[in-house]
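2 protein chains.
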Amino acid sequence: MITRMSSLFLRTLREDPADAEVPSHKLLVRAGYVRRVAPGGYSWLPLGLRVLRRIEDVVREEMNAIGAQEIQFPALLPREPYEATNRWTEYGPNIFRLKDRKGADYLLGPTHEELFTLTVKGEYSSYKDYPVTLYQIQTKYRDEARPRAGILRGREFVMKDSYSFDLDDEGLARSYQAHRDAYVKIFDRLGLEYVVVKATSGAMGGSASEEFLAVAETGEDTFVRSTESDYAANVEAVVTTAPAAQPIDGKPEAKVHHTPNTPTIATLVDFFNNAGLGREFTAADTLKNVLLKTRRPGEDKWELLAIGVPGDREVDQKRLEAALEPAEVAMLEEADFAANPFLVKGYIGPKALLDNGVRYLVDPRVVTGTAWITGADQADHHVMDLVVGRDFVPNGTVDVAEVREGDPSPDGKGTLVAARGIEIGHVFQLGRKYADAFSLDALGPDSKPIRITMGSYGIGVSRLVAVIAEQYFDDRGLMWPRLVAPADVHVVIAGKDDAVRAGAEKLAGELAAAGIEVLLDDRTASPGVKFADAELIGVPTIVVVGRGLASGVVEVKDRATGERGDVPVDEAVAHLVGLVRG
Amino acid sequence: MITRMSSLFLRTLREDPADAEVPSHKLLVRAGYVRRVAPGGYSWLPLGLRVLRRIEDVVREEMNAIGAQEIQFPALLPREPYEATNRWTEYGPNIFRLKDRKGADYLLGPTHEELFTLTVKGEYSSYKDYPVTLYQIQTKYRDEARPRAGILRGREFVMKDSYSFDLDDEGLARSYQAHRDAYVKIFDRLGLEYVVVKATSGAMGGSASEEFLAVAETGEDTFVRSTESDYAANVEAVVTTAPAAQPIDGKPEAKVHHTPNTPTIATLVDFFNNAGLGREFTAADTLKNVLLKTRRPGEDKWELLAIGVPGDREVDQKRLEAALEPAEVAMLEEADFAANPFLVKGYIGPKALLDNGVRYLVDPRVVTGTAWITGADQADHHVMDLVVGRDFVPNGTVDVAEVREGDPSPDGKGTLVAARGIEIGHVFQLGRKYADAFSLDALGPDSKPIRITMGSYGIGVSRLVAVIAEQYFDDRGLMWPRLVAPADVHVVIAGKDDAVRAGAEKLAGELAAAGIEVLLDDRTASPGVKFADAELIGVPTIVVVGRGLASGVVEVKDRATGERGDVPVDEAVAHLVGLVRG
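Chains A and B are the protein sequences, given in the same order. In terms of the UniProt record's numbering, the first sequence opens at residue 1 and continues consecutively. In terms of the UniProt record's numbering, the second sequence opens at residue 1 and continues consecutively.
Be a bit skeptical, because a hint or two may be false.
If chains are identical, the list can't say which one is meant, so a pair holds when it fits in one copy or spans any two.
[To be verified] Straight line, CA to CA, 30 Å or less: simulated DSBU-like cross-link-like pairs of lysine-lysine:
no., residue 1, residue 2
1, K506, K433
2, K413, K185
3, K301, K121
4, K128, K301
5, K318, K102
6, K496, K448
Quick caveat, the hints were computed from the structure, so don't treat them as lab data.
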């Protein structure tokens with residue numbers, strides 16, 4: 001097919017849009033792929049829609065290849081199923097809610113777990129029906145607090161969401177792996193640089209969950225990766241490697257010291273280093289006890305929780321919330337200290353906590369046999385050489401201390417470095433949460449019900465347009481990978497005389513006849529304007545039909561590498577078909 | 001591709017759904033194409049989604065063929081553009097409205113005139129840019145008071161809406177005709193029986209507007225068609241052919257009669273027929289004056305309006321509203337009669353109306369020289385031989401009397417009969433309404449602005465799935481036209497022995513290799529169940545691989561005609577490819 005720029009609904013812009021900060025947003029607007037309609041709401045202009053559709057096709061092919069079946073739900077959904085799973089409440093202000101003319105509550109679907117579960121329940125009954133995997137490529141809605149970066153984080157967007165339904169955990173593991181493999185194929189085919197990060201540590205018994213993050217400096221998600229292996233994880237999911245336990249025998253006895261004027265870890269370490277003990281300490285030798293309170297969902301009562309971490313690390317808020325989920329967590333208030341006078345602020349130690357029944361969890365590094373400087377439960381006093389397993393026994397461990405660059409990689413290879421990325425996919429073993437909510441059972445061979453177990457798998461399809469742009473651009477514009485480009489070849493008519501125009505039309509016609517998608521710049525604009533637009537639009541191969549035609553050649557340029565060369569016009573079609581078909 | 005029924009997400013139902021009244025609704029649910037999720041909200045199961053996509057493809061091809069360019073808008077739209085055109089108010093309870101987390105007003109788009117207009121205004125500026133036609137195939141929302149008939153009238157549905165933008169009326173006429181022609185192609189290709197009806201009479205200066213109605217007994221729309229030509233129109237759009245004016249000279253003089261006990265037209269006609277006048281009257285000789293009041297948009301004050309129609313016809317409410325639009329119309333209340341004592345209820349005549357300045361419009365049949373029996377403006381009195389142009393001169397005509405079967409067709413050929421249909425498409429010359437609202441101008445060659453004129457064109461894409469079903473079914477199930485069927489060939493394995501299964505698998509494989517979409521019933525169910533499902537699902541060609549295989553044949557059955565015959569298995573692929581490719 002030939003798309004003529006003389007009539008194409010496209011106007012490129014010379015200036016970046018005022019509200020754009022990231023390259024993909026600037027370039028997709030400037031090159032006429034998308035236009036802003038509302039906060040977080042964009043229209044797809046012809047070239048943008050083509051890229052979106054080509055990405056959809058890749059996703060669809062790979063989903064079909066693993067036997068997933070495409071269906072489609074409405075976006076406007078009744079409240080009741082989301083009430084049943086409590087998500088109507090949990091989503092808070094993050095979903096769009098509305099009432100119909102009769103006053104009934106609806107929402108615009110953010111994801112469709114409930115509907116998929118109910119639909120499978122409606123159709124299937126026997127164990128023989130399973131497993132099944134269903135998916136849709138559909139418009140979704142989230143009322144983001146801060147829609148940003150154009151189509152990277154919109155409020156209306158296209159997602160592929162799929163759900164697997166299995167009879168047992170082994171089946172779920174297979175479905176999960178099939179999706180993970182399909183996602184690798186999809187993102188590889190799209191030419192993306194990405195990492196697969198563990199999304200949860202599994203410490204609280206959670207099931208497998210991995211995120212696919214496209215590597216991008218502008219990404220909102222931070223993650224850590226190993227310097228020497230392909231290990232990558234969200235900071236929430238990093239599992240600290242516990243050192244080996246140490247022998248207790250021979251450790252000096254615990255001793256309480258009067259430690260005035262030591263309000264910080266640094267001053268405390270200085271105090272002991274200057275105490276004439278002949279020993280050298282660092283902040284990592286101190287044990288900082290952080291007091292919190294937690295509350296389980298649906299309960300009124302808060303419970304105290306103390307967390308002991310080495311003094312050289314802070315508690316990481318995201319890791320803390322992930323570790324304690326679904327419980328709520330809050331800092332103590334003055335009233336809490338007043339109600340628990342054994343808590344001596346600044347000097348809290350394991351003894352008072354354990355003696356008074358406060359749940360006390362420690363960092364995995366706080367293993368049996370390690371000795372610590374920590375609070376002595378009275379003002380201006382600390383205890384030294386308090387040994388785990390001898391002087392106190394914590395109630396357990398909790399892995400919430402901050403992860404730092406240089407920490408050993410949990411897989412034992414290399415150390416961790418921080419990086420930024422954009423979430424493009426998520427594979428997640430949901431387990432039986434939704435099946436429980438809707439009593440999704442299969443009748444087993446023994447006529448007993450089998451509770452179904454589910455997986456949930458998402459790809460941000462419209463976001464991928466921006467993510468690819470974010471990885472494929474230079475200072476002149478976009479540089480689409482061939483598979484998703486809005487056209488295969490961009491033919492520029494660079495000259496006004498009839499022979500040039502006729503030659504270009506002939507070439508474009510022959511290419512189209514060979515099944516090549518041609519973007520033909522047949523406008524009356526100057527060659528300079530046309531070249532600049534071609535670079536901005538980013539079709540992978542640019543063919544310039546101009547003065548060279550008189551000597552029987554056209555110029556073929558690779559948009560990404562900048563390589564260019566003359567090709568005899570008689571060989572141009574074969575040459576270009578070869579390039580496009582690869 | 002082979003789709004295996006052993007794993008296809010499909011369960012057919014033996015019973016009609018309780019809420020289904022029309023055949024398409026019953027069959028699409030029973031055959032597992034769609035499922036109800038909410039009032040007017042349906043999910044598309046795998047087979048239904050395939051039919052929908054195939055219809056979308058046909059629509060897309062024909063839109064691209066007339067140079068329309070595909071784009072896509074969000075469904076979630078800000079209030080402001082709809083405020084500018086007053087549609088935010090006019091839609092009343094018929095659209096879904098919502099607020100975002102910041103309290104800003106949004107709606108779910110019912111149609112996108114505003115957005116298309118603003119987008120063209122954003123990109124284009126010169127007269128050289130025009131004409132342009134844009135379209136989208138997109139999910140739309142309307143809060144129907146009575147969602148019904150499954151996907152025939154849903155609250156969330158897929159529509160193709162396109163808009164043409166031209167510099168002048170001639171351009172608009174060309175764009176309109178191009179769309180009209182494309183629609184004819186689309187509906188012809190889809191195998192639909194339909195009529196194109198004039199949607200407005202043009203009496204109020206409206207521009208061209210035609211509706212495409214699929215002929216269906218279950219349709220919500222009524223229309224009339226000629227017995228002898230292809231004339232068809234909505235009743236609102238029927239233009240009554242006015243008879244020729246008659247000479248006034250020689251008509252008897254008007255005379256008032258005392259007519260007690262004539263409360264109805266029938267009793268009045270009887271009275272005069274029995275009055276010894278030697279003349280014979282019918283209800284068509286009486287002139288009934290209907291009193292109404294009207295109010296223009298945005299005004300408080302109601303004005304009286306009298307309409308004179310022949311006594312054998314009622315005023316048609318839909319024709320009345322269409323004729324007076326955008327004015328509001330209401331019946332008189334007792335207070336109105338009290339305030340206008342010259343209105344003698346039951347005996348209102350032209351004289352009192354005209355003498356008292358009431359606007360008085362008459363049916364087109366009430367032409368100069370015709371004589372009427374009508375009210376004499378005093379109780380128990382009527383006047384006879386009141387002649388138009390001699391005894392009274394109405395303020396004009398209004399074409400709102402009911403249209404009846406047997407009325408002459410406005411094109412002069414044959415008479416009118418009533419029929420029912422379902423609206424599947426609408427082509428409409430919008431004119432400059434939206435361009436005016438948003439000041440959409442092109443800069444002309446003389447540097448003066450040219451106000452753009454628009455056309456609006458819609459096709460109910462998801463509705464078409466039901467409409468086709470409504471025209472292609474029998475008592476055993478659906479009978480899809482080949483172009484939109486969810487598969488090309490339905491291969492039924494009718495037998496349990498390995499040779500039959502292997503033969504069917506081989507045939508299916510060879511068909512798939514030849515590019516045929518195969519639905520393969522490889523379930524363990526009985527042949528009877530499989531045959532019934534095949535008839536219900538409605539793939540146009542059913543191939544039964546069973547006992548005949550031993551003697552080298554398979555049975556090929558045409559779902560629609562019921563014709564069946566044995567085909568040698570060696571020739572089956574060629575035979576079936578021939579059938580499918582037509």
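Legend entry - Homomeric proximity label, K318 with K102: Cα distance no greater than 30 Å: Between. Shortest inter-copy distance 26 Å satisfies the 30 Å Cα cut-off; intra-copy 42 Å does not.
Inset, instruction - With 30 Å as the alpha-carbon cut-off, assign the pair K413 and K185 to within, between, both or neither. - result: within (26 Å within a copy, 65 Å between copies)
Legend entry - Intra- versus inter-copy proximity for K448 and K496 (alpha-carbon distance at most 30 Å): Between. Shortest inter-copy distance 29 Å satisfies the 30 Å Cα cut-off; intra-copy 80 Å does not.
Legend entry - Intra- versus inter-copy proximity for K433 and K506 (alpha-carbon distance at most 30 Å): Classified as neither: same-chain Cα gap 61 Å, cross-chain 42 Å, threshold 30 Å.
Legend entry - Up to 30 Å CA-CA - K121 versus K301, copy category: So K301 and K121 fail the 30 Å test inside a copy (37 Å) and across (59 Å) alike.
Legend entry - Alpha-carbon proximity context of K128 and K301, limit 30 Å: This pair counts as neither: shortest intra-copy Cα distance 46 Å, inter-copy 71 Å.
Of the numbered hints stated above, those contradicted by the structure are hints 1, 3, 4, listed in ascending order.
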